[in-house]
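One letter stands for each residue in the lines below.
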Amino acid sequence: MAAEEHSPLAQFEIKPLVSLRLGDLDLSYTNSALFMTIAMVLAASFLLLATRRSALVPGRWQSMAEISYEFVANMIRDNVGQEGRKYFPFIFSLFMFVLFGNLLGMIPYSFTYTSHIIVTFAMAAVVFIGVTVIGFKKHGLHFLSFLMPAGVPIFMAPLIVPIEILSYFTRPVSLSLRLFANMTAGHTMLKVFAGFVALLGVFGVVPLLLVAALTGMELIIAFLQAYVFTILTCVYLNDALHLH
Amino acid sequence: MPQFDTSTFLPQLFWLAIIFVLLFVIMRRHALPRISDILEARQLRITSDLEKAGGLKEEADQVMADYEKALAETRTQATALIKQAGEEMAAENTKRQQAIAADLAAKTKAAEARIAAAKDEALAGLKAVAADTARAATAKLIGIEPQAEQVQQAVAKAMGGRG
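If you're matching them up, the sequences are chains A and B in order.
In case it helps, our numbering puts the first sequence at residues 1 to 244.
In case it helps, our numbering puts the second sequence at residues 1 to 163.
No lab work stands behind these hints: they were computed from the structure.
Cβ atoms here follow ideal geometry from the backbone N, Cα and C, with glycine treated the same way.
Don't take each hint at face value.
[As the list claims (entries may be wrong)] Below, a sample of chain A positions facing chain B; criterion: calculated Cβ distance under 10 Å:
| no. | residue |
| --- | --- |
| 1 | Leu9 |
| 2 | Leu34 |
| 3 | Val119 |
| 4 | Gly140 |
| 5 | His142 |
| 6 | Leu144 |
| 7 | Ser145 |
| 8 | Leu147 |
[Said to hold, decoys possible] Part of the chain A face toward chain B, derived, beta carbon under 8 Å:
| no. | residue |
| --- | --- |
| 9 | Phe12 |
| 10 | Ile14 |
| 11 | Leu17 |
| 12 | Asn31 |
| 13 | Leu42 |
| 14 | Ala44 |
| 15 | Met64 |
| 16 | Phe92 |
| 17 | Glu164 |
| 18 | Thr184 |
| 19 | Tyr227 |
| 20 | Asn238 |
| 21 | Asp239 |
[As the list claims (entries may be wrong)] Simulated coverage check for chain B against chain A, where a stretch passes if three residues somewhere in it have a Cβ under 8 Å from a Cβ of chain A:
| no. | segment |
| --- | --- |
| 22 | 2-12 |
| 23 | 47-56 |
| 24 | 75-82 |
Full structure from sequences and hints, please.
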């Protein structure tokens, strides 16, 4: 187990902090849950404290809170339109949750809950199911016409419809895999290069510089992946509301 | 990979659900309304300020237009006044010139009359002097004292009505 402790994958291990069992069910409060809690508290206090004074002319923190608000609001307006306003709180929470999860993971010795496929898949599944339900609610069975784009000759249907169905059901998979893979790969790579620093002694400077550069890149990826996750949610929502 | 250890799925999902719902509720109930209120208030303030500025600008424009109008009016008034004054002065001038000219003409006339009178007087004097001189000269030359009347006639004849 000692070797396992220092493997680049050790950082992804789930460790129960408070054991909790409900019958046969394991509901332990783990390091993953701890960092989710930290992210939630940070996101909530950031937005609530920054806007505490509700200044007409915003200070730095309030500006940041307003910028995050408008960033997501503009994303929804551009990709979904007016009808998307209803889903703004959910999409904003999603963005914040993923962004803070990704950024928290950049702190050494912390845990990145977005590097776990089950977490990203759960979020993607909620988005997928929610969007599908919204689509059926809005268009009824007409929503199925989504699988047969307008203007395609009818004899193409046997080919197009299965492709569209496949692509539709790959959405949650790609949505969750993208985030999970980016986070896992980035953190593993960082860990591997950081390991070289110690192994190479004096020449460890080279991987050290590389790690520094990669950390900067990972920060960008942390933001970018949160953005991608959110914007794809918007795109799917738009498809459900407006079909193709 | 620890990510594929299915025994960790349930606790992660359980806490994910709880924490995400909590975050969602905080965002929806507290954080987002506050930010949207701030943005709305700012938008309102900006709109109202812009409106106010527009009103003030209109007012300023009105004042400016009034000012321009008053200025133009004053200008025309001043021009009229200047014109009138000029005319008055010109009239005064011609009147004075006429008066002076008349005065001069009168004075010239008077002087001429005086000159003529003096000339007449002088000429009258001249006749008497000429007659006396002629008588004295005649008496000296020929020893005959001519009659005063004769001499006078002779002088008048010599002068040929010039006096």
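Check: Under the criterion of a CB-CB separation shorter than 8 Å, is Phe92(A) in contact with chain B as hinted?
Finding: 6 Å, holds
Check: Should the interface hint for Thr184(A) be scored as holding, given a Cβ-Cβ cut-off of 8 Å against chain B?
Finding: 7 Å, holds
Note to self: Less than 10 Å between beta-carbons is the criterion; does His142(A) satisfy it with respect to chain B?
What the structure shows: 30 Å, violated
Check: Against chain B, with CB atoms and a cut of 10 Å, does the hint on Leu144(A) hold up?
Finding: At 30 Å from the nearest chain B Cβ, Leu144(A) fails the 10 Å test, so the hint is violated.
Item checked: Satisfaction of the Tyr227(A) interface hint, Cβ to chain B closer than 8 Å -> 18 Å, violated
Check: Is the interface hint for Glu164(A) satisfied, with its Cβ closer than 8 Å to some Cβ of chain B?
Finding: Result: violated, 30 Å to nearest chain B Cβ.
Item checked: Hint check: 8 Å Cβ-Cβ cutoff, Leu42(A) to chain B -> Violated. Min distance 10 Å.
Margin query: Restraint: Asp239(A) near chain B, CB-CB cut 8 Å. Satisfied or not?
Written below: Because about 23 Å separates Asp239(A) from the closest Cβ in chain B, which is outside the 8 Å limit, the hint is violated.
Checklist line | chain B contact restraint for Leu17(A) - C-beta distance below 8 Å | finding: It is violated, given that the least Cβ distance between Leu17(A) and chain B is near 10 Å, above 8 Å.
Notebook entry, point to check: Taking 10 Å as the limit, does the beta-carbon of Leu147(A) come near enough to a beta-carbon in chain B?
Noted result: Hint violated; Leu147(A) Cβ to chain B Cβ min 30 Å, cut 10 Å.
Checklist line | Claimed coverage, the segment 47-56 of chain B by chain A - three or more beta carbons nearer than 8 Å | finding: violated (count 0)
Item checked: Hint validity - Met64(A) Cβ closer than 8 Å to any chain B Cβ -> Violated. Min distance 11 Å.
Consistency with the previously given hints fails for numbers 4, 5, 6, 7, 8, 11, 12, 13, 15, 17, 19, 20, 21, 23 and 24, ordered from lowest to highest.
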